[in-house]
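Line order of the protein sequences matches chains A and B.
If you count by the numbering used here, then the first sequence holds residues 1 to 92, one letter each, in order.
If you count by the numbering used here, then the second sequence holds residues 1 to 110, one letter each, in order.
Just so you know, these hints were derived from the structure itself, not from any lab.
Treat the hints with caution; some may be incorrect.
What the hints assert, rightly or not - Straight-line C-alpha distance at most 27 Å; calculated DSSO-like pairs for lysine-lysine:
(1) 42(B) <-> 64(B)
(2) 64(B) <-> 23(B)
(3) 85(A) <-> 26(B)
(4) 85(A) <-> 80(B)
(5) 26(B) <-> 42(B)
(6) 64(B) <-> 80(B)
Stated by the list, open to error - Pair ranges (Cβ atoms, derived):
(7) 60(A) <-> 93(B): 12 to 22 Å
(8) 49(B) <-> 21(A): 15 to 25 Å
(9) 36(A) <-> 90(B): 14 to 24 Å
(10) 67(A) <-> 96(B): 17 to 27 Å
(11) 56(A) <-> 110(B): 34 to 44 Å
(12) 8(B) <-> 87(A): 16 to 26 Å
(13) 11(B) <-> 54(A): 29 to 39 Å
In this text, a Cβ means the ideal position worked out from N, Cα and C, and glycines have one as well.
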Amino acid sequence: MTPSDEALTWALMLDPRAVEAMLMAAFPDGTISVRDLTGTSDHFDAVIVSGRFEGLSRIERHRLVYAALGTAMSGPIHALALRTKSPSEISK
Amino acid sequence: MSESARDRIQNLVDTHKVMLFMKGTKSFPQCGFSNAVVQMLKLHGAPFETFNVLADPEVRDGIKSFSNWPTLPQLYIGGKFVGGCDIVTEMHESGDLRRELEGAGVIAAS
Numbered sequence: 001m002t003p004s005d006e007a008l009t010w011a012l013m014l015d016p017r018a019v020e021a022m023l024m025a026a027f028p029d030g031t032i033s034v035r036d037l038t039g040t041s042d043h044f045d046a047v048i049v050s051g052r053f054e055g056l057s058r059i060e061r062h063r064l065v066y067a068a069l070g071t072a073m074s075g076p077i078h079a080l081a082l083r084t085k086s087p088s089e090i091s092k
Numbered sequence: 001m002s003e004s005a006r007d008r009i010q011n012l013v014d015t016h017k018v019m020l021f022m023k024g025t026k027s028f029p030q031c032g033f034s035n036a037v038v039q040m041l042k043l044h045g046a047p048f049e050t051f052n053v054l055a056d057p058e059v060r061d062g063i064k065s066f067s068n069w070p071t072l073p074q075l076y077i078g079g080k081f082v083g084g085c086d087i088v089t090e091m092h093e094s095g096d097l098r099r100e101l102e103g104a105g106v107i108a109a110s
């Protein structure tokens, strides 16, 4: 693990807001909320509403999210339950 | 991932119409998300095969590059990757899971 990954690992271990910040960077138009499911900073759920999801399948949407979280997904985040919606699905 | 791990995964996915790579087993799931998928499949009365990745580190890592998906559990229907717990839950709620299981011929069309 590179030093930055190391720091990243610790940063994420402590706070769902770090996860939220990473997602905001990838979904700047997005409405994002991240919760720590177990209080152990490694099981999260996230609800993301973004125009980037328009017309994409569930798997494609989740892949965008995993790409945004990068190495965090193979390290500190053990489980991440996702709800990914596009604005048009919300306004229905 | 070794060739043998890839072949074993491919063989499992091709052999079983509904294949669930999970943490633990049907009777002793060792992760809430894995257990949720087991319960949903049971709700639909779909016969399914499971593989306990906790017992096989090579498959546990190999499955993630096999499907280009970083988490477990992973559900495959008709040899096709369907998703993890959150996607299967959404499909269960929308009726898509039932349609996929019917399409794979593992449960009768309702």
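Hint check results:
no., hint, verdict
1, 42(B) <-> 64(B), "holds (25 Å)"
2, 64(B) <-> 23(B), "holds (13 Å)"
3, 85(A) <-> 26(B), "violated (31 Å)"
4, 85(A) <-> 80(B), "holds (23 Å)"
5, 26(B) <-> 42(B), "holds (10 Å)"
6, 64(B) <-> 80(B), "holds (14 Å)"
7, 60(A) <-> 93(B): 12 to 22 Å, "holds (19 Å)"
8, 49(B) <-> 21(A): 15 to 25 Å, "violated (40 Å)"
9, 36(A) <-> 90(B): 14 to 24 Å, "holds (21 Å)"
10, 67(A) <-> 96(B): 17 to 27 Å, "holds (24 Å)"
11, 56(A) <-> 110(B): 34 to 44 Å, "violated (29 Å)"
12, 8(B) <-> 87(A): 16 to 26 Å, "violated (43 Å)"
13, 11(B) <-> 54(A): 29 to 39 Å, "holds (38 Å)"
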